[in-house]
Amino acid sequence: MCSEQGSATVLTLALGLIICCAGMVSLLVVQLTLARSTLGSYADLAAIAAVQTAGEPCVAASLVSSRNGMELFACEVKDGQVIVEVRMPAPELLARFSHLQFLAVTARAGY
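The sequence shown begins at 598 in my numbering and counts up by one.
It is worth saying that the hints were derived from the structure and are not from the lab. All C-beta atoms in this analysis are idealised placements derived from N, C-alpha and C, irrespective of residue type, glycine included. Incorrect hints may appear among the rest.
[Said to hold, decoys possible] Beta-carbon label-pair distances, calculated as ranges:
{"hint": "1", "residue 1": "652", "residue 2": "705", "range": "17 to 27 angstroms"}
{"hint": "2", "residue 1": "701", "residue 2": "664", "range": "41 to 51 angstroms"}
{"hint": "3", "residue 1": "649", "residue 2": "694", "range": "33 to 43 angstroms"}
{"hint": "4", "residue 1": "708", "residue 2": "638", "range": "19 to 29 angstroms"}
With the hints as constraints, model all of the structure from the sequences given.
Rendered as structure tokens:
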């Protein structure tokens with residue numbers, strides 16, 4: 598009887614576990630990238646809406662943010678520019694496997 602009998606099973610299981618872990622990490626990276634990209638687009642939209650409004654820019658940014666499922670975290674009007682910081686809850690899978698509870702992005706628009 599060979600002393601290495603069954604070692605291929607252990608190696609196959611270990612390789613399968615490594616592939617599953619790599620797949621999970623890849624899924625988390627894709628989810629984070631997609632969420633940050635979407636959040637960045639919505640933050641740009643809020644900043645542009647704030648610049649184009651005739652009234653209170655931060656109110657317009659807050660309205661656009663809330664309609665897109667974000668929270669306006671900060672808004673500053675300075676020298677013809679509006680700087681907004683928006684945040685949204687991290688996707689569930691990402692929040693579960695990391696310490697990220699919120700994703701935040703800053704956008705600037707102006708003349």
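To test your reading of the hints: which numbers does this structure violate?
2
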